[in-house]
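Residue numbers (this note's numbering), protein chains in the order written: chain A, 340 to 448; chain B, 168 to 282.
The set of hints was computed from the structure by calculation and includes no laboratory data.
Given the structure is predicted, the values throughout are model-derived calculations rather than measurements.
Treat the hints with care, as some may be off.
Said to hold, decoys possible - Straight-line Cα separation of at most 25 angstroms, SDA-like style, residue types lysine to any residue; simulated pairs: (1) B:238 / B:251; (2) A:396 / A:366; (3) A:440 / B:205; (4) B:238 / A:361; (5) A:354 / A:406; (6) A:396 / A:414; (7) A:354 / A:341; (8) A:440 / B:185; (9) B:238 / B:226; (10) B:224 / A:354; (11) A:361 / B:270; (12) A:396 / B:238; (13) B:224 / A:396; (14) A:440 / B:238; (15) A:354 / A:414.
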Amino acid sequence: AQRVTQPEKLLSVFKGAPVELKCNYSYSGSPELFWYVQYSRQRLQLLLRHISRESIKGFTADLNKGETSFHLKKPFAQEEDSAMYYCALSQGGSEKLVFGKGMKLTVNP
Amino acid sequence: NAGVTQTPKFQVLKTGQSMTLQCAQDMNHNSMYWYRQDPGMGLRLIYYSASEGTTDKGEVPNGYNVSRLNKREFSLRLESAAPSQTSVYFCASSDPGGSSYNEQFFGPGTRLTVL
């Protein structure tokens, strides 16, 4: 069965510090991995997906199939990065997503 | 272009009451979804619809029914509400074969409390 694990529920850092939000998955096939973000009073929205290999708002994430991980990283956190972050997985070719339980990032001034 | 809209935004029910949550999208997407979001549980898929006229169960379908009225609209019905259904409900849509490449677009949510 597909499963997404975000081992930490909360992360609090100071502005300018590096952040890493961990995501591990279990799936035997070829997964598609996503990071979604929910800012306060806003809708859940896509942040980035592994297939695009892009950097959005300074965030990057690399799919590591050996470690079955898709950690989200940013070298210098900003206060506006404070939000709930969800890692999600879809089975290759499937439109359904399996979400992790989410992690709340707080960036303090 | 409103994207995904949901009504109502808030609702309080008594145990045993019924209600329907409405969702509509104006992006011409084929696929639509209903999720519930609970603290510490993340988002869990209740039902989804790959196209007009088709629906399928997700991870937590018990206590819910859905109806894909047309391509735009996907409703979620609670026939006999229970306190365990207190949650925030999100509707989403996607166009798997389109340029957005399976990105799901979410509505603003409905906060439901069952007393």
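Status of the hints after comparison with the structure:
| no. | hint | verdict |
| --- | --- | --- |
| 1 | B:238 / B:251 | violated (30 angstroms) |
| 2 | A:396 / A:366 | violated (28 angstroms) |
| 3 | A:440 / B:205 | holds (9 angstroms) |
| 4 | B:238 / A:361 | violated (37 angstroms) |
| 5 | A:354 / A:406 | violated (29 angstroms) |
| 6 | A:396 / A:414 | holds (11 angstroms) |
| 7 | A:354 / A:341 | violated (35 angstroms) |
| 8 | A:440 / B:185 | violated (28 angstroms) |
| 9 | B:238 / B:226 | holds (23 angstroms) |
| 10 | B:224 / A:354 | violated (43 angstroms) |
| 11 | A:361 / B:270 | holds (21 angstroms) |
| 12 | A:396 / B:238 | violated (33 angstroms) |
| 13 | B:224 / A:396 | violated (35 angstroms) |
| 14 | A:440 / B:238 | violated (30 angstroms) |
| 15 | A:354 / A:414 | holds (11 angstroms) |
Comparing the model with each earlier hint shows violations of hints 1, 2, 4, 5, 7, 8, 10, 12, 13, 14; every other hint is respected.
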